[in-house]
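Since the structure of chain G is provided, determine the placement of chain L on it from the hints.
Chains as they are written, first to last, in my numbering: chain G, 672 to 946; chain L, 672 to 946.
To be clear, the hints were calculated from the coordinates, so they are not data collected in a lab.
Treat the hints with care, since some could be wrong.
Since copy identity is lost for identical chains, a pair holds within one copy or between any two.
Listed next, the in silico PhoX-like pairs over lysine-lysine satisfying Cα-Cα at most 25 Å (straight line) [to be verified]:
id : residue 1 : residue 2
1  : 757       : 861
2  : 864       : 898
3  : 942       : 926
4  : 898       : 678
5  : 803       : 882
6  : 931       : 854
7  : 942       : 757
8  : 849       : 781
9  : 781       : 820
10 : 931       : 941
11 : 864       : 849
The residues making up each chain are set out below.
Protein chains: 2
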Amino acid sequence: MVKKLTKFDPGYCSEPFKTLCTNFPNSDVYDPLRFRVEWGPIFHRGRLDGSAKILVIGQDPAQHETIVRRILVGEAGRRIQGFMAKLGITRSYTMINTFLYSVYGNPTAKIRKNPQLVSYRNLWLDALLLGKTVEGVVALGDRADEAWKMWKATANGQSFQKAFVKITHPTQPESFSKGNHAKLTEATKKMLKNWNSGLQTLAPSISNPDKQTPLVLYGDSFAQDEKSEIPEEDFPAGLPYWMRENDGWARRVGKTTMDKRANITITVPKKNLPQ
Amino acid sequence: MVKKLTKFDPGYCSEPFKTLCTNFPNSDVYDPLRFRVEWGPIFHRGRLDGSAKILVIGQDPAQHETIVRRILVGEAGRRIQGFMAKLGITRSYTMINTFLYSVYGNPTAKIRKNPQLVSYRNLWLDALLLGKTVEGVVALGDRADEAWKMWKATANGQSFQKAFVKITHPTQPESFSKGNHAKLTEATKKMLKNWNSGLQTLAPSISNPDKQTPLVLYGDSFAQDEKSEIPEEDFPAGLPYWMRENDGWARRVGKTTMDKRANITITVPKKNLPQ
Chain G
672 MVKKLTKFDP
682 GYCSEPFKTL
692 CTNFPNSDVY
702 DPLRFRVEWG
712 PIFHRGRLDG
722 SAKILVIGQD
732 PAQHETIVRR
742 ILVGEAGRRI
752 QGFMAKLGIT
762 RSYTMINTFL
772 YSVYGNPTAK
782 IRKNPQLVSY
792 RNLWLDALLL
802 GKTVEGVVAL
812 GDRADEAWKM
822 WKATANGQSF
832 QKAFVKITHP
842 TQPESFSKGN
852 HAKLTEATKK
862 MLKNWNSGLQ
872 TLAPSISNPD
882 KQTPLVLYGD
892 SFAQDEKSEI
902 PEEDFPAGLP
912 YWMRENDGWA
922 RRVGKTTMDK
932 RANITITVPK
942 KNLPQ
Chain L
672 MVKKLTKFDP
682 GYCSEPFKTL
692 CTNFPNSDVY
702 DPLRFRVEWG
712 PIFHRGRLDG
722 SAKILVIGQD
732 PAQHETIVRR
742 ILVGEAGRRI
752 QGFMAKLGIT
762 RSYTMINTFL
772 YSVYGNPTAK
782 IRKNPQLVSY
792 RNLWLDALLL
802 GKTVEGVVAL
812 GDRADEAWKM
822 WKATANGQSF
832 QKAFVKITHP
842 TQPESFSKGN
852 HAKLTEATKK
862 MLKNWNSGLQ
872 TLAPSISNPD
882 KQTPLVLYGD
892 SFAQDEKSEI
902 PEEDFPAGLP
912 YWMRENDGWA
922 RRVGKTTMDK
932 RANITITVPK
942 KNLPQ
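In isolation and in its complexed conformation, chain G is listed as follows (with noise of 0.2 Å):
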């Protein structure tokens, strides 16, 4: 009848993953203007049936996760994406964020250490990491480490032993660059100077990747092949591949703050409609 089998992540089917997706910090913990709670909480991506050997915790959602409602599938998911390849991980991850919602400023520590906060997202982390397959945790720049460290200094956490690395955010060069092309090569370099150490620490934790793959190391920039699209199974029942294939299709467009604030613009790529 059809072509092709379209796998899709079925999502919050069980528990614990039911009740965590019912009962979750909303304006009252997170500070609306400091944080996009509009939106509403944005939970995760990949595998939540125990298979997971990679576990990532990211920043914050943007544009493309309100949209989708995983997380990281945008630049920066695709390029994690990548990251755990060169590890031989194509499906056994899971991923969650620091932050439920997208950050808007800059959330002051106290934000960041708010008890139910904490608390909420530690949940996840027990739900995920605790009697479970995962060999290897991946922190994403400085928020996601500080995370981590909130939750080691639990009972639970300490009962946790496997292999953690905290790798620069897939995105800080742009951040950091602002458009300053020499910035963004040099930071770029950096960064992927940090993923290969943060790859060496790794690798030998993995004791049986989805592919037995030999460790090549990312160079001074990003190759082609080393950037991949989110796959079909992580995104929720009907998504267009579109979605999927690139980022850009979505933008916060406004003439005035308020404005932005307020807009998700969704725009197909052209090829992607009849001509």
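Only chain L this time, still in chain G's reference frame:
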């Protein structure tokens, strides 16, 4: 920790729905010149756990549905929600559409009767009706009625002997009157008279409604409480309340026809942003 528990619809967690959402007709069956296949299929709204007492057959998704990934979540959805509420049905329903994709132009009879298009839809009707607790089926408009008749012509369809009504599509008055206020008033009055017939046909068949509700018919126009917000239990996890509270937050915007086709613009209602 949190003030409220937020129910959600977990979606396509079990069979046959997992397979139905994996193996579905795409642009080989739905002509991209006649359907907005670029947004991917949108499958249903409501219960998939066999508890439905009413099945609603709608026509096709529009832009709000495209974002939410559930059908009938805009104005038409609010109106049909109110129709079911008059029968005492507040959660025991399932809804599917005649078409998986938004109609773009006018699909010919040949397209509408495409065997693969029809047989796929019939799988959903089989799954939702055979040996299940549905006591009444409501088809919204001509296309939905045609879809029903096609299923009723099958062996499975012939075995189904419960109540059926075709009612005017909920936004037919708006389509018909094209901004002419007098025509809108008249068409709405006519539709609600038709809906009253539908209610009177169905009400005796609903043996065990969610809420015992004396049947109160419509007047000449919609009263405030005759349109209901879409229940939180029908939405995927994490979507914000304002997406259910009202519609109008998603529009197709663009200078040319092609620009418009490529676009969905989401605007958060002002009251849901920090002032």
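Do the hints match the structure? See the list:
Taking the closest pair of Cα atoms, residue 757 and residue 861 come within 25 Å of each other only inside a single copy of the chain (18 Å); across copies the shortest separation is 64 Å, beyond that limit. With identical chains, the CA atoms of residue 864 and residue 898 are at most 25 Å apart within one copy only, with a shortest distance of 16 Å there and 58 Å across copies. In this assembly of identical chains, residue 942 and residue 926 lie within 25 Å of each other by CA distance solely across copies; the values are 19 Å between and 28 Å within a copy. Proximity of residue 898 to residue 678 under the C-alpha cut-off of 25 Å is restricted to the intra-copy arrangement: shortest distance 21 Å within a copy versus 36 Å between copies.
In this assembly of identical chains, the alpha carbons of residue 803 and residue 882 lie at most 25 Å apart only when taken from the same copy (20 Å versus 44 Å across copies). Taking identical chains as interchangeable, the C-alpha atoms of residue 931 and residue 854 are never at most 25 Å apart, the minima being 27 Å within one chain and 38 Å between chains. When the C-alpha separation of residue 942 and residue 757 is checked against a cutoff of 25 Å, the pair qualifies neither within a copy, at 30 Å, nor between copies, at 46 Å. When the C-alpha separation of residue 849 and residue 781 is checked against a cutoff of 25 Å, the pair qualifies neither within a copy, at 28 Å, nor between copies, at 54 Å.
Within a single copy, residue 781 and residue 820 get their C-alpha atoms as close as 16 Å, which meets the 25 Å cut-off; across copies the closest is 62 Å, which misses it. Taking the closest pair of Cα atoms, residue 931 and residue 941 come within 25 Å of each other both inside a single copy (24 Å) and across two copies (12 Å). Within a single copy, residue 864 and residue 849 get their C-alpha atoms as close as 21 Å, which meets the 25 Å cut-off; across copies the closest is 62 Å, which misses it.
The earlier numbered hints that this structure contradicts are 6, 7, 8.
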